[in-house]
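Chemist: Chains as they are written, first to last, in this note's numbering: chain A, 212 to 331; chain B, 3 to 185.
No lab work stands behind these hints, which were simulated from the structure alone. All C-beta atoms, glycine included, are put in the ideal place defined by N, C-alpha and C. Be aware that one or more of the hints could be misleading.
[Claimed, not checked] To give an idea of the chain A side of the interface with chain B (calculated C-beta under 8 Å), a few residues:
| # | residue |
| --- | --- |
| 1 | Lys213 |
| 2 | Leu215 |
| 3 | Ala216 |
| 4 | Ser219 |
| 5 | Arg222 |
| 6 | Met225 |
| 7 | Thr246 |
| 8 | Arg254 |
| 9 | Met257 |
| 10 | Thr265 |
| 11 | Glu270 |
| 12 | Gln277 |
[What the hints assert, rightly or not] In silico DSSO-like pairs for lysine-lysine, Cα to Cα no more than 30 Å straight-line:
| # | chain 1 | residue 1 | chain 2 | residue 2 |
| --- | --- | --- | --- | --- |
| 13 | B | Lys41 | B | Lys91 |
| 14 | A | Lys213 | B | Lys41 |
| 15 | A | Lys298 | A | Lys310 |
| 16 | B | Lys4 | A | Lys310 |
| 17 | B | Lys41 | B | Lys4 |
| 18 | A | Lys308 | B | Lys4 |
| 19 | A | Lys213 | B | Lys146 |
| 20 | B | Lys91 | B | Lys76 |
| 21 | A | Lys303 | B | Lys76 |
| 22 | A | Lys298 | A | Lys228 |
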Amino acid sequence: MKTLAELSAIRERMKNKVALREGESNYRIVVGMATCGIAAGARPVMNALLEEITAKGLEGQVHVSQTGCIGLCQYEPIFEVFHGDEKTTYVKMTPEKAKEVIEAHILNGKVLTDYTIGEL
Amino acid sequence: MKELSLNILDIVQNSVRANADIIEITIHEQGPLLTLTVKDNGHGMKQDFLAGVLDPFTTTRTTRKVGLGLPLLKMAAEQTGGSLSIVSKHEQEHEDHGTTLCARFYTDNIDCPPLGDIVSTIVLLIQGAPFSPRYIYRHHKDGKESYLDTDDLHEQLGADIPLSEPEVLAFVREYLTDMEGAL
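In isolation and in its complexed conformation, chain A is listed as follows (with noise of 0.2 Å):
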């Protein structure tokens, strides 16, 4: 059993690392997470978005955040990446699909335009 007593050592290994990472983010992913979203399966590719980013350390590259209803339902799951200007939206997601983008758009900045609302 897992104990909250070790959320300390977290503690201590994460100060110095949060204070670096304050307004470094170069890429914001926004997922809709309203009933919509959520009934279409938004959660599973919420959980992939931040396992895939924990896995390939991109923490301080990446700001994962949730919203409520984008207003494009019968798409869903949808999440939009934010990066300068330019806003790019992932419709119908998958949680392997999600990995996709994080490989191709966030790690080599490529847009996986099969993806995008534009492809529709």
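With the hints as your guide, set chain B onto chain A.
Modeler: This is chain B only, laid out in the frame that chain A set:
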């Protein structure tokens, strides 16, 4: 919704939108009866809004005119022979304002969805709330309890580390998985 935990992830966001700073999520399982209670100290609802809140055409969002969160939860509960009730006190009328929602499910009914991945639901609620609101989660089953209070997490971590840090979330996931597994 395929799992009750997805309904929970959905409706708790109503409490967040109501500016609650404490949200208590309690799941109580006794025999075939599963009771879900979500209690917040948000701004509450006035009686006329509350009267229509289970109507799919009532919503606070602006992108469209339907809101299915509560109707879907109500349907899920009633399909099992259970029920949904909401009590709310608006901040303009009551000092102890907030909303309490209670949904009852009969888990021995074939139409009862499984609770599902409640750990992911709690982790994602915390992910969306790096500092506030405070979540208190309790899951009672046959005399055993799984329990998490985000204030305890902040206490261990210090005030400056957001709970949305991936390393913290990974810990919470493991911690909760252990406790849920022991139920």
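Chemist: Hints first: check each against the structure and report whether it holds.
Modeler: Hint-by-hint comparison with the structure:
1. Lys213: Since the shortest Cβ distance to chain B is 4 Å, the answer is holds.
2. Leu215: holds (5 Å)
3. Ala216: Holds. Min distance 7 Å.
4. Ser219: holds (6 Å)
5. Arg222: This hint holds: arginine 222/A lies near chain B, its Cβ roughly 5 Å from the closest one there, short of 8 Å.
6. Met225: holds (5 Å)
7. Thr246: At about 5 Å, which falls below the 8 Å cut-off, the nearest Cβ of chain B leaves the hint on threonine 246/A intact, so it holds.
8. Arg254: With Cβ-Cβ at 6 Å, under 8 Å, it holds.
9. Met257: Hint on methionine 257/A: holds, closest Cβ of chain B at ~6 Å, below 8 Å.
10. Thr265: Because about 5 Å separates threonine 265/A from the closest Cβ in chain B, which is inside the 8 Å limit, the hint holds.
11. Glu270: Given a least distance of 5 Å, the restraint on glutamate 270/A holds.
12. Gln277: Given a least distance of 5 Å, the restraint on glutamine 277/A holds.
13. Lys41/B <-> Lys91/B: It holds: about 12 Å lies between the C-alpha atoms, which stays within 30 Å.
14. Lys213/A <-> Lys41/B: It holds: about 27 Å lies between the C-alpha atoms, which stays within 30 Å.
15. Lys298/A <-> Lys310/A: Status holds; Cα separation ~18 Å.
16. Lys4/B <-> Lys310/A: Holds: lysine 4/B and lysine 310/A sit about 23 Å apart, inside 30 Å.
17. Lys41/B <-> Lys4/B: holds (23 Å)
18. Lys308/A <-> Lys4/B: Within the cut-off at roughly 21 Å; holds.
19. Lys213/A <-> Lys146/B: With a Cα-Cα distance of about 17 Å, the restraint between lysine 213/A and lysine 146/B holds, given a limit of 30 Å.
20. Lys91/B <-> Lys76/B: Cα-Cα ~20 Å, so holds.
21. Lys303/A <-> Lys76/B: holds (27 Å)
22. Lys298/A <-> Lys228/A: holds (27 Å)
Violated hints are absent here; each numbered hint is respected by the structure.
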